[in-house]
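Novice: The chain contents come next:
Number of protein chains: 2
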Amino acid sequence: MNPKLQWLRNKMNSLDMQGIIISNPINVRYLTNIDAEGTLLLTRKENIYITDARYIEHVHSILTLYDEIIVYDINDVSKDDYENFFLFCENVGFEEYYTTYAEYKELIRKYKINNLVETEHIIEKQRMIKDEEEISNLTKACNITDECFKYILGYIKPGMTEKQIAKEIEDYYNSRTDGVSFDTIVASGENTSMPHAVPTDRKIKEKDIITIDMGCKVNGYCSDMTRTFFVGEILEEVKPIYDLVLKNQVQTMQDFKDGISTRLLAKMVENDFKLHDYDLIHSLGHGVGLEIHEAPYISYKNDTNLKENMVITNEPGIYIPGKFGVRIEDTVQITKFGCVSLTNSDKNYIVI
Amino acid sequence: MNPKLQWLRNKMNSLDMQGIIISNPINVRYLTNIDAEGTLLLTRKENIYITDARYIEHVHSILTLYDEIIVYDINDVSKDDYENFFLFCENVGFEEYYTTYAEYKELIRKYKINNLVETEHIIEKQRMIKDEEEISNLTKACNITDECFKYILGYIKPGMTEKQIAKEIEDYYNSRTDGVSFDTIVASGENTSMPHAVPTDRKIKEKDIITIDMGCKVNGYCSDMTRTFFVGEILEEVKPIYDLVLKNQVQTMQDFKDGISTRLLAKMVENDFKLHDYDLIHSLGHGVGLEIHEAPYISYKNDTNLKENMVITNEPGIYIPGKFGVRIEDTVQITKFGCVSLTNSDKNYIVI
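Taken in order, these protein sequences are the chains called B and V. Taken in order, the first sequence gives residues -17 to 334; the numbers are from the numbering used here. Taken in order, the second sequence gives residues -17 to 334; the numbers are from the numbering used here.
Isolated chain B, as found in the complex (with noise of 0.2 Å):
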């Protein structure tokens, strides 16, 4: 069996739990490679994946023997064959998180559980630490994200607009790479002022202040980065606010390690921002893996402990409403005494 479904196994035990129903199809690509839509069941003795006959064909390709996963096309599972996989089960666990309250009220229903169980994001908890297979995936995407954005300086010029520029990079990473992702962000002038701006018409002109976040996959691995440039000259209003959000995007790198709380990170953002009069109006950085924003959250709402190997990102920014924004971003993996940031391009002020 493959080495994360055996985890899962164990967990399970652990949890005394003898079945479990995968619904997220994340969590079953993490598991066991399969990119489609169908549902995972670990039931007592066997590895079943049911999916239609769409993605029959493709999951035959993906799986080999040594996955011990039985295929089922959607269509030749009777309703016995659902009323017997769970059968002697006592708790079957199920994505509280991911399953809507519709479908836990049919799961109950066609499955006939008896305690359908809540597994608090077991498996999310598990993908927060990337193995080296995944880091490798998550370095080769931040790789040719440093080389984009380094093509996409010599790219820009005045009268460009920001959708241009925004199609561009895709048409970078969709060369190279599985593609985006995430919806590019190129914003300019004011529109900077917005965290989550889409690339609109507007037309680059000189002492433009641009922002732009961006990231692409590799084997589905996300990579995540965000740079605040200048065309031709920096506007003396932007330099205090640059330098701002800089020294705490480096202070936070300084500041990872193996064990340090993310509330604390994200207070010690806020508080230096607060200290300023402005505000950290999102979080200070998310996960990145499978999914472009997954576990662990670095905001104050959240609370957990860094752990080697995971990769998240590290991005303050401050927005100055109808006026501009900063934001600095890097891709970065927890070490056992630090950190080691996956992103590499320059943060120092950029003026093309």
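Check the hints yourself; a few may be wrong.
[As the list claims (entries may be wrong)] Subject to a maximum C-alpha distance of 30 Å in a straight line, what follows is the list of computed DSSO-like cross-link-like pairs (lysine-lysine):
hint: 1; chain 1: V; residue 1: Lys221; chain 2: V; residue 2: Lys139
hint: 2; chain 1: B; residue 1: Lys283; chain 2: V; residue 2: Lys87
hint: 3; chain 1: B; residue 1: Lys149; chain 2: V; residue 2: Lys145
[Unchecked claim] Per the computed footprint, the stretches of chain B lying under chain V, defined by three or more beta-carbons under 8 Å from a beta-carbon of chain V, are:
hint: 4; segment: 33 to 44
hint: 5; segment: 70 to 84
hint: 6; segment: 165 to 177
Read the hints as simulated data drawn from the structure, not as lab findings. Yeah, the Cβ is synthetic: ideal placement off N, Cα and C, and Gly gets one too.
Given chain B, work out where chain V should sit, using these hints.
Specialist: Same frame as chain B, but now just chain V:
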């Protein structure tokens, strides 16, 4: 108040519901035009949208006084505010098909709701019937899809890869619309046997069969069209299958009208396929609107009677594993006594 919110308030009255929590962003967009992350609450007296700092500027730019929606920054909503929103509400509705089991428990806790009741897709059911403005947007998206298909037929040459063709379609859409409504499918040769094929580096060659499934969005509204066509000549073994798919697609078009059962429509195609020893392995069609797949679903599993101004797809397909597949799909508006196809590209044998 805008007419869609007014409709919902009337509906709530008739269901003895004094409050409702709308979490699905597509439903929020349908009711308010807001395209952001947040929650819409209809309380006894007020319409409230709770979002976070990232979207506040955008939301204010969308809403007018006429909408009568009060916008809150989630950070300014206190524990007491939450508990007061639905004070004296006997029944509060929630979206049980969207809300996870964990969120459901959290809603009860946070809002102190006594009776959180299922709403059985009330908004999705209303969304099935399109108004004039929605049909205008859908028609535009379909027209651009016809134009794009015409363009792409002239563009494709042997030696090009599936990925390259998909990219050309996406570029066409990106420069004229809000972008694609789903990942474009370009499948060639044996890849056409997978209904959900992802474009590969396979190069188009003489005598190839090609299936393209494509669509774009205009003001959020989607188009969806598939054509199967040929390079140089049509293989003899494909013809009878193409003819059978086309016959059923045309027959379905003739059967579409206000009042007809979706199950019956699917059954008729299925039976005709079975008579020829083939199966209909996916649904015959689906609603199209703000989502590329939405109610109603045209399948034997689902019984709805079609109604005037529903917009749905008609997409029979036959797939011979490892060999080839044929699918022909249009987006169609149901009328009182028949239907109007919104996509109108040629469906007879197309040879490029």
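Novice: Among all the numbered hints in the text so far, which are the ones the structure does not match?
Specialist: none
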